[in-house]
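Protein chains in written order, with my numbering: chain L, 2 to 459; chain A, 2 to 459.
Keep in mind that the hints are not guaranteed to be accurate.
Just so you know, same-sequence chains aren't split out, so a pair can sit in one copy or run between any two.
[Unchecked claim] Taking lysine-lysine and the DSSO-like style, the derived pairs with C-alpha atoms no more than 27 Å apart in a straight line are:
#1 K10 x K435
#2 K81 x K30
#3 K20 x K97
#4 K97 x K286
#5 K20 x K286
Since the hints were made in silico from the structure, they are not lab data.
There are 2 protein chains.
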Amino acid sequence: MITEKIPYKIYLNENEMPKAWYNLRADMKQKPAPLLNPETHQPMQASELAEVFCKELVAQELDDNTPFFEIPQDIRNFYKMYRPSPLVRAYCLEEKLDTPAKIYYKFEGNNTSGSHKLNSAIAQAYYAKKQGLKGVTTETGAGQWGTALAMACSYLDLDCKVFMVKCSYEQKPFRREVMRTYGACVTPSPSMETTVGQKILAAHPGTSGSLGCAISEAVEKAVSNDGYRYVLGSVLNQVLLHQSVIGLEAKTAFDKYHVKPDIIIGCAGGGSNLGGLIAPFMGEKLRGEADYRIIAVEPASCPSLTRGVYAYDFCDTGMVCPLSKMYTLGSDFIPSANHAGGLRYHGMSSTLSELYHQGLIEATSVNQTEVFEAAEYFAKVEGILPAPESSHAIRIAIDEAVRCKESGEEKTILFGLTGTGYFDMKAYEKFHDKEMEDYIPTEEELAAYRKNLPKVES
Amino acid sequence: MITEKIPYKIYLNENEMPKAWYNLRADMKQKPAPLLNPETHQPMQASELAEVFCKELVAQELDDNTPFFEIPQDIRNFYKMYRPSPLVRAYCLEEKLDTPAKIYYKFEGNNTSGSHKLNSAIAQAYYAKKQGLKGVTTETGAGQWGTALAMACSYLDLDCKVFMVKCSYEQKPFRREVMRTYGACVTPSPSMETTVGQKILAAHPGTSGSLGCAISEAVEKAVSNDGYRYVLGSVLNQVLLHQSVIGLEAKTAFDKYHVKPDIIIGCAGGGSNLGGLIAPFMGEKLRGEADYRIIAVEPASCPSLTRGVYAYDFCDTGMVCPLSKMYTLGSDFIPSANHAGGLRYHGMSSTLSELYHQGLIEATSVNQTEVFEAAEYFAKVEGILPAPESSHAIRIAIDEAVRCKESGEEKTILFGLTGTGYFDMKAYEKFHDKEMEDYIPTEEELAAYRKNLPKVES
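So here's chain L without its partners, still in its complex pose:
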């Protein structure tokens, strides 16, 4: 029931913006499995986690029952600087596809960090500041998270130390420069600044680094320095909580125009964007108030949901972090050099993993050349140059819209457009020059990684 013409872009007013984050887990009957101590295999206690993470974030991490967390006024003020993000009706895309489907996307790229990552970065930095800390440490691969955290820390006058995977540091000097603009200290990882970095450099001179190594360095730096904590941009419950602002805004915008999406699509790496986008919709689904088809899209080269196993595994390659029960390819899985750096993660948010396990979410995987075809098509038709990560969702949204054309169904599709691709033009160049390849791990390769999963008694 559409009562008035939907604008191209729906912007909420300031007074319509969410005042609380929504904690999806509160409505799950079967909760996600708890984090385990990697040595004792016992559930991680708040006191243990508080050595690495800020206190209030630990509380959010472990709380499976509180449905809403009030967004502190300071964070809401920061959100006003770049939010609300528009809910866009893709009229041009619909026309070009000649589909009866109605396509919407929630566009999170209109901020300098270029993605949705800022929603959680400001929250994590805020709680660090509130705790009286001097600063935070983190790792970054593609650089979106590092940029977002640098912006948040600059705003709050917190020190920000980023370990950037060395190959990214060298290949993406402009991302690094944005972080420097925001006053962050960016170190290529592995580095000589940490014990673990020194060990790795000694064992593998000339290595170009990995996300796992950068995590280990960032954690070591945090726990070995007074007044510092470690922060992470995805996977964790707290991150999904903060990212619920995406879905809450989208739902409010839809409700204003009496629109209900049939299909919700998001790319999935660690799960922060998808978990945030679907939060209030999944809440309705869990409470039996509405039904939605929800599709997670991942790269065929890093298919944790579609080809991984549901098991306890390390969150990091260095195996220093807690164990999380999730769909995983094994913590030593090294994804091929695909261009969606934000989706190159061996595991998946434990909440999304449990929802997938319960059959409440579908998952599909796509090849990167198909993804870039969709990206370029979308850029031309809708005028936004999408990030490679976001383009995974575009690919499936287009496929679903084409399916609607074939079947004549007028479905309403919502997808998450997480960010822009301005710092990914090297990938676009490869695509234009037909030098882009698709990588699909073989069954044998995946089986080999699975063998290394930690043995946890269930």
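Since the structure of chain L is provided, determine the placement of chain A on it from the hints.
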């Protein structure tokens, strides 16, 4: 008189967006001087201009009397894809500066071309399409105009041929890649594709090109190919007309909240952004309905308004284009290698030149290191990474706000934030590494260029 709290960002509704462009010249008693034929020194006739430009654009170019031109529905539809742009109240900046001034900026960077250039690119492409042309040619330096035109042509299925100054082509491969994403053919200039390019390469093997040469190549390509015309992203009356959408939106947004700016600030290269931003405000000023202080900001390294002369000069270095009466440094003036590529132009819009000559606009110039200080400060405080060009306006807006603090005046300041700096990180890097220099041409240098101005009897 402020009747309600001003939101951080004011977005107009679709039905509040401008339906017509405003032609500032209609309200000028003393009109800008006409373009002259470079050989006969007689006013350019429509028929002469139509060999190079689209017919309807020629009509817009020469019309000093019609106050409003209806924006065709197709262009308004395209505008809806990325407009309205937000009018932002810079609460954070005001707080940080501790100023009683109220600061607003009209942010034009939230589109893939990264700047306001798209406003005129779609209009020019539209009229080319309407005339049944196959395509358009243009030149680009920094790449913002080329990107915008590529996007517009892609949307309308027009061929787009861009001559990109060779040093930019090599230094900014990512800008080039964005244009390729939109299907544009990008050629480093000078090239072997044109007679003028061949001549220049023969005379100066290994030259890294210049904007003047690229213009000459683009014009030659247009006039020597059936079904093509040449388009230009600034300087011309038609461009200022299209860009009036910026000022019209800003004025509507202000009027909604009963706010009236005291000072309006814009960077000025060829004048497209400043001319568009001030249009409706200057209209009121010309009609005696209101008064505004208007400040044009230019680089100290390319000071056409502040240190140029008001005289007839060539619009291009190649001296093939018509003569325009404007503030100019001489068409063979080569600006130093500053990082605001969009402001490296020897002349200025004839309309803005005439307004400046009449004392209706002020002008000031700033050094690039001061500009980047302001840029970084603004990025940290307001969360938007500005383009070097835009940062000229930021610099003066901050200076004026600080002056208000000293005097205790509660002035309302509006400035144009024309674009984002994602493709300018090399410049930011130089600034961070303290390798950025300021260049100010000496009086002797400027005098030498002035000697080469064409002799036109007035």
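To see whether the hints hold, each was checked on the structure:
1. K10 x K435: For K10 and K435, neither the intra-copy (34 Å) nor the inter-copy (42 Å) Cα distance is at most 27 Å.
2. K81 x K30: Cα proximity of K81 and K30: none, with 34 Å in one copy and 44 Å across.
3. K20 x K97: Between. Shortest inter-copy distance 25 Å satisfies the 27 Å Cα cut-off; intra-copy 38 Å does not.
4. K97 x K286: neither (32 Å within a copy, 45 Å between copies)
5. K20 x K286: Intra 22 Å, inter 43 Å, cutoff 27 Å: intra-copy only.
Hints 1, 2, 4 from the earlier list are contradicted by this structure; the remaining hints agree with it.
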